[in-house]
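Can you build the whole structure from these sequences, using the hints too?
One line per chain: the protein sequences are A and B, in this order.
So the first sequence is numbered by this note's numbering: it starts at 1 and just counts up by one.
So the second sequence is numbered by this note's numbering: it starts at 115 and just counts up by one.
Note that these hints are calculated values from the structure, not bench results.
Mixed in with the good hints there might be a few duds.
Once the Cα atoms are required to be at most 30 angstroms apart in a straight line, the calculated DSS-like pairs of lysine-lysine come out as [unchecked claim]:
| # | chain 1 | residue 1 | chain 2 | residue 2 |
| --- | --- | --- | --- | --- |
| 1 | B | Lys-215 | B | Lys-171 |
| 2 | B | Lys-131 | B | Lys-185 |
| 3 | B | Lys-227 | A | Lys-9 |
| 4 | B | Lys-131 | B | Lys-171 |
| 5 | B | Lys-215 | B | Lys-185 |
| 6 | B | Lys-215 | A | Lys-9 |
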Amino acid sequence: NAGVTQTPKFQVLKTGQSMTLQCAQDMNHEYMSWYRQDPGMGLRLIHYSVGAGITDQGEVPNGYNVSRSTTEDFPLRLLSAAPSQTSVYFCASSWGQGDGSPLHFGNGTRLTVT
Amino acid sequence: KNQVEQSPQSLIILEGKNCTLQCNYTVSPFSNLRWYKQDTGRGPVSLTIMTFSENTKSNGRYTATLDADTKQSSLHITASQLSDSASYICVVRGAGAAGNKLTFGGGTRVLVKP
Chain A
1 NAGVTQTPKF QVLKTGQSMT LQCAQDMNHE YMSWYRQDPG MGLRLIHYSV
51 GAGITDQGEV PNGYNVSRST TEDFPLRLLS AAPSQTSVYF CASSWGQGDG
101 SPLHFGNGTR LTVT
Chain B
115 KNQVEQSPQS LIILEGKNCT LQCNYTVSPF SNLRWYKQDT GRGPVSLTIM
165 TFSENTKSNG RYTATLDADT KQSSLHITAS QLSDSASYIC VVRGAGAAGN
215 KLTFGGGTRV LVKP
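Encoded structure:
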């Protein structure tokens, strides 16, 4: 059981470049989300989706786009990379947003923007 | 602003010893409190989820306690093992007026030495 798979594991971008971080889950979870993790700070929600075709902004959405065309996939797009987007990005999924539904995280993408 | 504060930021313990991690939160009202374990270079993995009406929950050598009156939780690790070396993250889900969102603490980094 693969769970949540993120690719790539590492990426270096130059300022202004764009890229897509991939996330796929094989647990048929309706809820998927993207977080960024910076040193000394808690995980912060970027965007989330409660099902195919439905997305919404989280706490820090600026500079990022998402789409959800299938239940399994939830890619995160960086439109024009900035050094402030240097971070570790985690994708997570769960049965729902409600009580008792733990998040299942991927192993992250470490992004450096120079 | 809803906050989740964890202490200490880091600690070192000897293999076989016990330790307790603290989590104080201001999220109110809340529906549940979660503890996650994050190994270096990996995504967080759920350890326990407690609703506001639960006082304690165990997962093997991990025992979480919750005092909703004082808005404090603790995670106790019994007979620590080298594999317990990780960051431990406290997460609180709000409810009602606090919003149905997760607020993450900054984590406590635990190093278990032989």
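Status of each hint after checking the structure:
{"no.": "1", "hint": "B:Lys-215 - B:Lys-171", "result": "holds, 22 angstroms"}
{"no.": "2", "hint": "B:Lys-131 - B:Lys-185", "result": "holds, 27 angstroms"}
{"no.": "3", "hint": "B:Lys-227 - A:Lys-9", "result": "holds, 29 angstroms"}
{"no.": "4", "hint": "B:Lys-131 - B:Lys-171", "result": "holds, 20 angstroms"}
{"no.": "5", "hint": "B:Lys-215 - B:Lys-185", "result": "holds, 17 angstroms"}
{"no.": "6", "hint": "B:Lys-215 - A:Lys-9", "result": "holds, 27 angstroms"}
In terms of the numbered hints stated before, the structure departs from none.
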